[in-house]
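There are 2 protein chains.
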Amino acid sequence: MQAEEYDRVRVETKGTVYEGTLMPSQTGSIVLKLKNGYNVGISRDSASVTLLRKKEDAIKKETAPGCQATNKKLPDISILSTGGTIASKIDYRTGAVTSQFTAEDIMASIPELGEIANYNCRVIYSILSENMRPEYWSELACAVHEEITNGADGIIITHGTDTMMYTAAALSFMIQTPVPIVLVGSQRSADRPSSDNAMNAICAAAVATSDIAEVCVVMHGSTSDDFCHIHRGTKVRKMHTSRRDAFQSINARPIGHVEYPSRKIKTISSYTKRGEKKLSLNDKLEPKCAIIKYTTGASSESLLFHSGSGYRGIVIEGTGLGHVSTEWVPYIKNATDAGIPVIMTSQCIYGRVCDRVYDTGRDILKAGAIEGEDMLPEVALVKLMWALGQASGMDKVNEIMRTDMAGEITRSTRS
Amino acid sequence: MQAEEYDRVRVETKGTVYEGTLMPSQTGSIVLKLKNGYNVGISRDSASVTLLRKKEDAIKKETAPGCQATNKKLPDISILSTGGTIASKIDYRTGAVTSQFTAEDIMASIPELGEIANYNCRVIYSILSENMRPEYWSELACAVHEEITNGADGIIITHGTDTMMYTAAALSFMIQTPVPIVLVGSQRSADRPSSDNAMNAICAAAVATSDIAEVCVVMHGSTSDDFCHIHRGTKVRKMHTSRRDAFQSINARPIGHVEYPSRKIKTISSYTKRGEKKLSLNDKLEPKCAIIKYTTGASSESLLFHSGSGYRGIVIEGTGLGHVSTEWVPYIKNATDAGIPVIMTSQCIYGRVCDRVYDTGRDILKAGAIEGEDMLPEVALVKLMWALGQASGMDKVNEIMRTDMAGEITRSTRS
Chain G
1 MQAEEYDRVR
11 VETKGTVYEG
21 TLMPSQTGSI
31 VLKLKNGYNV
41 GISRDSASVT
51 LLRKKEDAIK
61 KETAPGCQAT
71 NKKLPDISIL
81 STGGTIASKI
91 DYRTGAVTSQ
101 FTAEDIMASI
111 PELGEIANYN
121 CRVIYSILSE
131 NMRPEYWSEL
141 ACAVHEEITN
151 GADGIIITHG
161 TDTMMYTAAA
171 LSFMIQTPVP
181 IVLVGSQRSA
191 DRPSSDNAMN
201 AICAAAVATS
211 DIAEVCVVMH
221 GSTSDDFCHI
231 HRGTKVRKMH
241 TSRRDAFQSI
251 NARPIGHVEY
261 PSRKIKTISS
271 YTKRGEKKLS
281 LNDKLEPKCA
291 IIKYTTGASS
301 ESLLFHSGSG
311 YRGIVIEGTG
321 LGHVSTEWVP
331 YIKNATDAGI
341 PVIMTSQCIY
351 GRVCDRVYDT
361 GRDILKAGAI
371 EGEDMLPEVA
381 LVKLMWALGQ
391 ASGMDKVNEI
401 MRTDMAGEIT
411 RSTRS
Chain E
1 MQAEEYDRVR
11 VETKGTVYEG
21 TLMPSQTGSI
31 VLKLKNGYNV
41 GISRDSASVT
51 LLRKKEDAIK
61 KETAPGCQAT
71 NKKLPDISIL
81 STGGTIASKI
91 DYRTGAVTSQ
101 FTAEDIMASI
111 PELGEIANYN
121 CRVIYSILSE
131 NMRPEYWSEL
141 ACAVHEEITN
151 GADGIIITHG
161 TDTMMYTAAA
171 LSFMIQTPVP
181 IVLVGSQRSA
191 DRPSSDNAMN
201 AICAAAVATS
211 DIAEVCVVMH
221 GSTSDDFCHI
231 HRGTKVRKMH
241 TSRRDAFQSI
251 NARPIGHVEY
261 PSRKIKTISS
271 YTKRGEKKLS
281 LNDKLEPKCA
291 IIKYTTGASS
301 ESLLFHSGSG
311 YRGIVIEGTG
321 LGHVSTEWVP
331 YIKNATDAGI
341 PVIMTSQCIY
351 GRVCDRVYDT
361 GRDILKAGAI
371 EGEDMLPEVA
381 LVKLMWALGQ
391 ASGMDKVNEI
401 MRTDMAGEIT
411 RSTRS
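If you're matching them up, the sequences are chains G and E in order.
Each residue of the first sequence is one higher than the one before, starting from 1 at the first, in our numbering.
Each residue of the second sequence is one higher than the one before, starting from 1 at the first, in our numbering.
Hints should not be assumed to be uniformly reliable.
Remember, identical chains collapse to one label, so a pair may be satisfied in a single copy or spanning two.
[As the list claims (entries may be wrong)] In silico DSS-like pairs for lysine-lysine, Cα to Cα no more than 27 Å straight-line:
no.	residue 1	residue 2
1	K366	K72
2	K366	K14
3	K54	K277
4	K273	K284
5	K273	K333
6	K333	K14
7	K266	K277
The hints are simulated quantities; they were obtained by calculation from the structure and are not laboratory data.
Please put together the full structure from these sequences, using the hints given.
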């Protein structure tokens with residue numbers, strides 16, 4: 001019997017034996033998710049694969065025992081784990097959470113959480129967040145949809161911080177939600193004295209039980225343990241490799257913040273309130289999209305390569321107001337002529353793209369590129385994948401890209 | 001007689017006539033620099049080219065008449081223009097400066113400059129800064145070297161803001177300087193009431209006559225007209241598409257600031273003093289390098305394409321501490337095995353790369369990637385071009401990349 005994706009297998013190669021779950025692989029090599037949560041890539045040459053167990057629902061829909069609601073007076077929160085835990089001594093990134101991820105563990109580690117809600121816990125993935133894939137966003141969105149359908153009053157998603165902003169943006173586009181959907185992570189693992197693990201988790205639970213019915217990221221707002229920001233899922237970016245307050249709202253103010261330890265929520269931007277929207281799911285997307293960054297003198301080869309290699313959409317990180325060298329313009333036109341949407345964003349990160357001011361910009365627009373407004377390049381990429389999943393035809397896709405769908409485009413940027 | 005690069009030509013195509021200077025072109029199309037400073041790209045099909053005048057020294061080494069020192073008590077500053085002027089009503093980007101760029105014009109527009117120095121003015125280029133090329137950095141560095149050799153007490157380079165940080169980094173690596181080399185630009189053109197044109201120019205002149213003998217960027221420090229930051233050339237980034245205080249020092253404090261209108265300089269970081277270093281020039285570089293940005297689920301195809309298309313060096317903008325998905329690791333190894341240095345930086349922009357913490361990172365290091373420390377991805381790219389121009393052999397190039405050459409790597413980052 002042939003082993004298929006998500007089957008449990010044993011792989012022997014050059015004297016080493018691995019056991020794990022067979023993961024989707026783009027490259028032809030064997031990708032195995034080990035019990036400890038790590039993925040390994042193994043060359044198919046000289047590897048022998050033995051099937052241990054058929055696709056068990058081990059990755060999706062695994063509910064740990066004992067992780068059920070207990071106090072009927074408190075709201076019910078579903079915690080979906082993608083690569084970490086807010087409960088254990090193991091950090092969000094490496095996240096070996098499967099067995100010990102129970103309500104009892106949570107209460108034992110962070111007793112304060114017990115005052116806030118009852119928790120239903122599901123392990124969706126145990127991966128490092130740099131190994132997330134657009135396909136996984138869809139599965140995660142389905143799991144969120146399922147939990148809300150089953151009555152969850154709020155969702156907490158634990159996630160590695162590296163690509164949390166990409167997942168937050170994806171869920172923002174995929175789900176219309178009547179309840180809060182909160183992504184939370186930790187910059188420092190729980191076994192370090194400076195860990196942000198517990199405080200972030202407590203603030204996330206406060207937001208998940210609040211009336212803020214949006215996809216948001218809740219992480220430390222300063223280097224002290226005094227508050228967490230509540231960032232809109234489409235306006236947030238990891239802006240530091242290691243600081244606890246690495247996450248910042250860009251081109252928008254945060255929705256608000258959660259004071260700690262009081263758990264008091266103060267909002268400073270308008271937001272969608274609990275129950276205002278009906279639950280719906282549009283999780284289809286086209287992952288074959290890329291970001292290309294323009295740098296001084298960069299050859300148009302990369303643009304040409306992507307246009308000719310089956311990519312369905314391209315986001316350019318231009319300079320300043322959204323520029324590339326004059327030599328790139330005909331290649332942008334080639335791409336858009338071939339039905340590949342090209343979205344212009346800025347590597348400045350802050351501010352708004354405006355290609356109407358200078359000749360280069362106007363040429364870029366004439367070549368069919370779409371201004372990404374004040375969208376983050378990474379958010380424009382995720383949105384483009386989603387737009388291509390929702391609509392066919394350049395005109396419709398471009399229209400979606402120009403329209404604010406989930407707070408990703410603000411009418412005017414503070415300056 | 002065949003028209004060659006930098007010759008003055010007339011191009012007729014489909015009823016339109018252009019006159020301008022024939023520029024180097026990568027794409028096979030005709031690139032013409034018009035009198036107004038813009039470049040146009042024209043398809044060779046159905047275009048007829050008439051030679052008007054042979055390569056006159058119009059682009060390089062053009063000294064405008066009347067732009068010479070007049071007051072012997074004041075220091076002599078050379079202003080090298082690359083695409084703009086601090087004198088005229090025309091903005092830095094479009095920069096139609098050739099004819100009116102004289103000392104008289106400067107004094108007429110910004111009389112305060114006359115109190116600070118005598119000015120010797122040279123037009124090096126008149127291009128939009130997104131059309132800068134690594135080859136032009138070398139020419140600019142040679143011009144700077146020439147001016148200092150000829151006795152200039154300081155250099156001001158006027159530059160479009162889009163790629164100013166790339167040029168500043170390039171000059172930082174190419175030139176050891178005994179005098180200040182100041183890049184300055186304008187986010188708002190001189191004909192707008194909110195223009196930062198004059199104040200930036202005055203502060204730049206103050207720094208060019210100071211004892212700060214480094215390549216630096218002098219631009220608005222706030223949205224008010226109260227001070228300009230003095231940024232180290234390897235630690236500065238354009239962080240906003242339109243704000244006047246778009247330029248920020250990253251992972252380092254600025255060298256200092258210039259108060260306005262007092263022109264008082266306050267330094268807050270250590271710096272190289274006037275006369276401390278002997279003038280030297282190492283302008284050789286290898287432009288065939290690229291930045292590749294890792295995004296969730298990004299295919300390793302782009303890495304494979306660049307490794308196999310004659311690229312001599314690659315900078316990866318990874319996530320967080322410097323990560324890519326596990327699937328990229330063998331392709332990094334392929335590149336380094338083929339003698340292509342791979343430098344890992346972070347798209348977080350702030351903070352330091354550290355690939356020793358997690359398995360993915362350690363695998364990336366084992367595959368031969370070099371940690372970019374706290375270098376900006378763009379600076380790492382420029383440095384890699386320069387390192388490949390200076391040294392052959394992976395070991396030597398990697399050693400240069402790991403060593404602080406011009407303040408681009410700081411030992412510890414504020415957190």
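Are the CA atoms of K54 and K277 at most 27 Å apart within a copy, between copies, both, or neither? neither (39 Å within a copy, 69 Å between copies)
Same-copy or cross-copy closeness of K273 to K284 [CA-CA at most 27 Å]: within (25 Å within a copy, 59 Å between copies)
Treating 27 Å as the Cα threshold, decide for K333 and K14: within, between, both or neither. So K333 and K14 pass the 27 Å test across copies only (19 Å; inside, 50 Å).
Please sort K366 with K14 into within, between, both or neither, judging by C-alpha distance up to 27 Å. between (56 Å within a copy, 18 Å between copies)
My question is about K366 and K72: at a cut-off of 27 Å on alpha-carbon distance, are they close within one copy, between copies, both, or neither? neither (60 Å within a copy, 52 Å between copies)
Is it within, between, both, or neither for K266 and K277, if the alpha carbons may be no more than 27 Å apart? Within one copy only: 22 Å inside a chain, 54 Å across chains, cut-off 27 Å.
Measure nothing new, just compare the shortest in-copy and cross-copy C-alpha distances for K273 and K333 to 27 Å and report within, between, both or neither. neither (43 Å within a copy, 50 Å between copies)
Checked against the numbered hints above, the structure violates hints 1, 3 and 5; every other hint is satisfied.
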